[in-house]
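Start from chain A and add chain B according to the hints.
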Amino acid sequence: MLMQDVGAFHPEFVDLSTSTAAQWLWLIPAVPIVASGIIALLRQPRRKPAAALAIGSLGCSLLIALYAFAHVVSNWASGITTREVVNFTWMQTGASTVDLGWVLDPLSAVMMVMVCLVGLLIFIYSVGYMEHDENFTRFFCFLSLFAGAMLGVVIANSLLLLFMCWELVGLTSYLLIGFWYHKPSAAAAAKKAFLTTRVGDIFFLLGIVWLFNATGTLLFYNHGSGSMEGLALANLLTQHAGLGLSAAGAIALLIFAGAVGKSGQLPLHVWLPDAMEGPTPVSALIHAATMVAAGVYLVARVYPLMAAGAPLSSVGAMAGTTAPLIVVTWIGSATAVFAALIAIAQNDIKRILAYSTVSQLGYMMAGLGLGGVAVGLFHLITHAFFKALLFMGAGSVIHGCHEEQDVRRMGGLWPVMPVTFATYAIGMLALCGFPIFFSGFWSKDAILEAAHQSGFIKGPYYLLAFGALLTAFYMTRQVSYVFFGKWRGHGHAHESPKVMTAPLAILAFFAIALGIIGTPAWPWFHAFLDGHAAAIDLHAFAEADFLKLLGTSAVIVFLGLGLGWALYGNKSPAAEEPDALEKATPWLWAGLRDRLYVDEFYSATFIVFYAWWARVADWFDRCVWGGIVALVTWLFRLWAQLNRWIDNEWVDGGFDKTCDELSSGGGLLARVQNGRVQIYLRVLAVAVVALAVILIWSSRS
Amino acid sequence: MNGILTLLTVLPLAGAAIALFSGRHGRGVALVTSLLSLVLALVVWLHLPADGAMGMVELHPWAPSLGIEYHLGVDGLGALMLVLSAIVTLMSVDAAHRVHHQPGLYYALVLALESGLFGSFTALNFFHWFLFWELSLIPAFFLIKLWGGPKRGPAATQFFIYTMAGSVALLLSFLAVFLSTGVMDFGKLADMAANGTLAQMVTAHLGAVMPWLAMGVLAGFAVKVPLMPFHTWLPAAYAEAPSPVTMLLTGAMSKMGVYGLLRIAIPIFGPQIAALRTPLLVLAVATVVMGAWAAAAQKDLKRIFAYSSVNHLGYCLLGIFALAIPAGAASQGTQAAALNGVILQMFNHGLTAAALFWFVAMIQMRSGGLRGIDDFGGLRKPAPVLAGLMGIALFSSLGLPGLNGFVSEFLIFRGVFPLSWVAGTVAVLGLLVTAAVILTVIQKVFAGPVPERWAEFPDLHASERLALAPVIGLMLLLGLVPQLIVDTINPTVMNLLAHWRF
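Chains as they are written, first to last, in this note's numbering: chain A, 1 to 701; chain B, 1 to 502.
It is worth saying that the hints were derived from the structure and are not from the lab.
A virtual CB, placed ideally from N, CA and C, is assigned to each residue, including glycine.
The reader is advised that the hints may include incorrect statements.
Now the stretches of chain B that chain A is said to cover, found in silico as 3 or more residues with beta-carbon under 8 Å [as the list claims (entries may be wrong)]:
# : stretch
1 : 44–54
2 : 58–64
3 : 332–340
4 : 446–456
Just the calculated beta-carbon pair ranges, DEER-fashion [stated by the list, open to error]:
#  : chain 1 : residue 1 : chain 2 : residue 2 : range
5  : A       : Gly37     : B       : Leu484    : 15 to 23 Å
6  : A       : Ala534    : B       : Ser331    : 46 to 54 Å
7  : B       : Gly149    : A       : Gln239    : 52 to 60 Å
8  : A       : Ala95     : B       : Gly187    : 23 to 31 Å
9  : B       : His461    : A       : Ala611    : 44 to 52 Å
10 : B       : Gly149    : A       : Cys60     : 39 to 47 Å
Pulled out of the complex, with its shape left as it was, chain A reads as follows (with noise of 0.2 Å):
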């Protein structure tokens, strides 16, 4: 009922001729770039133009992002759903073509406008939040760039521009998880980034080479010759990659090995929880509200190919689904709930809602995966406000308590940090999926009933349910150990300055507010990414699946909230104390505090490798080459040696030295015991020689 409309049908884009909007849309990833590339000539000290550049182009690509979704949606109002390209050639190799381009589409038109506003808010708060850093203009440089580069990402029409964009973005992830980097363990958390999203990349990077050789373009879209549209899509699905797979799975599932290390799923996930060494602001922009959800972006965005070959049915959304869709579901629950059990153990503020970053991406990966586009995409941009607005209240309670980030030492802190603990709260019960008015519930919702619905899978509907519950467990210990109980942390803590919660409660509106566009009766999101009037249908909250779901998942989030007050709730156990999970359960508690001992299986297998293979390789070169190298070297020398022993001994010595070895050869012993023999014998010789010239002398005449 929810989502009736979505899945493998996808409905006609009107490609409209290209519009104002469309053709300077560039400019909203290009205005924060230049502003990032002037704010690195600054010198250091210049903290007010720094800001206020990273602010005011950010503010300018807001400002053209919210012109473009009018555009959009105006266009969608009056019946047509549009998709503007524009392309235009990088370079050309021998007769092809390598393009470029960007898109305005809903999907864009959405993600740039979030992107923008929970930047901005971003931008505004760091202002705050950095305000004693002494690298406070470079932290804007970085900054800029990386919304530029997010923006870059959003907008791309190009497979090749995305991935583009996508690196850039990942290396100012790398230089603002390593901002701090005089502390080693910020600059192995950057690294550590860097590679393992690399590890994905490898693998996109040849799902692009291999979509580009058998498609001919990187377009997504290109008046019906993009690698997106029905030509190319039908080509790949008829070639064989073997597996089992057509070419189209293959480069599909390539192509989501990428966002795999960039949404941090399983099992490339153990960048993102050390990724918390970056200053909170990055935490909340990059590893919470925009980078990480790229990948479920980049899903979004290469649907046609993820979906291609879904058997189209009139029975229901879910009826066809295709090898990737499934591979998407079951990584994307699987994370849910392996996350969410291991944010349950952990005590560092910002790892928790790192852990739950990582579990909220499965869910929405198992979106896309089970419902399509919109459910996934709905549920990236509740999530992106209400988690931002988290990981910035998280920063607020952090500042205030002069830097602290164990749990265990802070509590009672609600009549200390009243906007913060009320925006906070916001947050968690968004974050929880507490019913009706929070955004969170709406969008998790739609996720849960597409995987109930689901025509072939049952396993993810449980797993995400189960996910819910321990969503709403974490939560709740979390925010009784921070703002519950007595406060056990050193000093005073205190409320922070405008300029840090103002963005908070914005963001706490939009948590709340957001959750209007996607209810059953109203679903304005879904039905303007797929192409639909929306209509208002009250009756729709009256239907009786919904109804099931909507108990269902209200008992799921009760009982996780309730647990959570039960063993957590006002207790304030002093910081030394085991765990109350801890008590009852010791092995799993450990378990769960080791992060189930993933970065340890990778350390002793995959870097052992590493550096072994490394020896191999320096060993080999010295050893092996090198040795062989010697080898030769030592046979030219022995056959130099000869060849001076043949020349010394037989060639140069000429007649007289022939004679001296021929006579040695019969006279050793008496050369060893008179060496006067040799003079006798030379004499001899030059006798010799002077007979023999005699005779030949005599002979010519």
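Then chain B, alone, in the frame of chain A:
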């Protein structure tokens, strides 16, 4: 334009003669000469024929009875190498501003080396080309031998003997070809190879030796590039040579090998190389992957970048051997992408690797000669500009999009994957390992707490920033606007592919 290539080759020699007698003013002479050479090279680059054929041809009889002619000419490939050599020489002269011992001789040798590079990138007759190929070796040998590090003696000797051994193989192959055909002109030989008469004549005279001749030629170039396992001279030579000379070795001289493959080996011995394609691809993939991994085991910045160079030129070899495939087995589109990538990668690697060794020189100058990655830490704090600019060069080497290295690596993989997907798939491992190596360098040198001894590590001063700005600017420019080069080399690529027969 007549005679410009001769002028280009003679100019550094004249500069060398002057520098030799100018003592400590040698650097000024060398700077002016290399700047003028760069201008001339750019003039050549800008006046290439649009169809990608040979331009600025000079053809005079030299020793007609021996098939020797004075035959010069450049197409997009040759001209790009001229520009690269000129840029790298200028960078190298700029980097070497503390030569205390016989500066006149030093700069004269650098200029002589430049002349050797120009000569070998323009000559179209074997005799003439071989002369310059060997001539460039002598200044390089003395530059390592006289101004190198503590183990310079063995390094220089190894470098010389290795390259000579390759050259002898090359020379013997061409002697055999000459004895069979009486021709030394590359163009004529390529035409004969294309219509099959070359193989016939050689076989008629000497029996079925064509594969052996091809291997001899390959050996000569494999040492120079280098292709594993012919690379063991390289780490020692790159590490022991003074950094400005290493810039020349990796930035320009290594390109002589790749150039030779494209100009000489492939056109003349195409079918024989295509027959060896699989083992050659295995070696190229090994060069890419093992080169990167060997870099991971090094502790000396120069040795790290030396192995990293092996890795990056491995992509060139991968592209070349992948496209050596019998007609009909591949579309010309993928071959064209690979070849464009190879030629662009030659330039990009030259620029980036030379820049990296320049940064090493700057670090060494400030650290009193230290250059182990474990000797440093946290340099980003005292020297933020050094860290930032070297960071850009390092990320260029890593292949980050937006910088020059990515474009060529992308084109190579885009071409190689359809031609040999196994080789392409294994070789992407090199991208991952290279990234690990580069990030480790950044982590160990620039991040972490600053040791007390480096608390006052001087940052780049204004003249260094000014000198580096165009180099870093070029990396960014070519990352965003690669068509600056690709538009010019693409016609040459089409022209080359149209003439090659495998």
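Here is what the structure says about each hint:
1. Chain A is given as covering the stretch 44–54 of chain B, and this is violated because 0 residues of the stretch bring a CB closer than 8 Å to a CB of that chain, at least three being needed.
2. Restraint check on the stretch 58–64 of chain B versus chain A: 0 residues with Cβ-Cβ distances below 8 Å, three needed, restraint violated.
3. Beta-carbon proximity to chain A at under 8 Å applies to 7 residues in the stretch 332–340 of chain B; the threshold of 3 is reached and the given coverage holds.
4. Only residues whose beta carbon comes within less than 8 Å of a beta carbon in chain A count, and the stretch 446–456 of chain B has 5; three or more means the coverage holds.
5. Gly37(A) and Leu484(B) have their C-beta atoms about 20 Å apart, which keeps the hinted 15 to 23 Å range intact.
6. A hinted range of 46 to 54 Å for the beta carbons of Ala534(A) and Ser331(B) is consistent with their spacing of about 47 Å.
7. The hinted range of 52 to 60 Å is satisfied by Gly149(B) and Gln239(A), whose Cβ atoms lie roughly 55 Å apart.
8. A hinted range of 23 to 31 Å holds for the C-beta pair Ala95(A) and Gly187(B), which are about 24 Å apart.
9. For His461(B) and Ala611(A), the Cβ-Cβ distance of about 38 Å falls outside the hinted range of 44 to 52 Å, so the restraint is violated.
10. Judged by the Cβ atoms, the range 39 to 47 Å given for Gly149(B) and Cys60(A) is violated: they are separated by roughly 53 Å.
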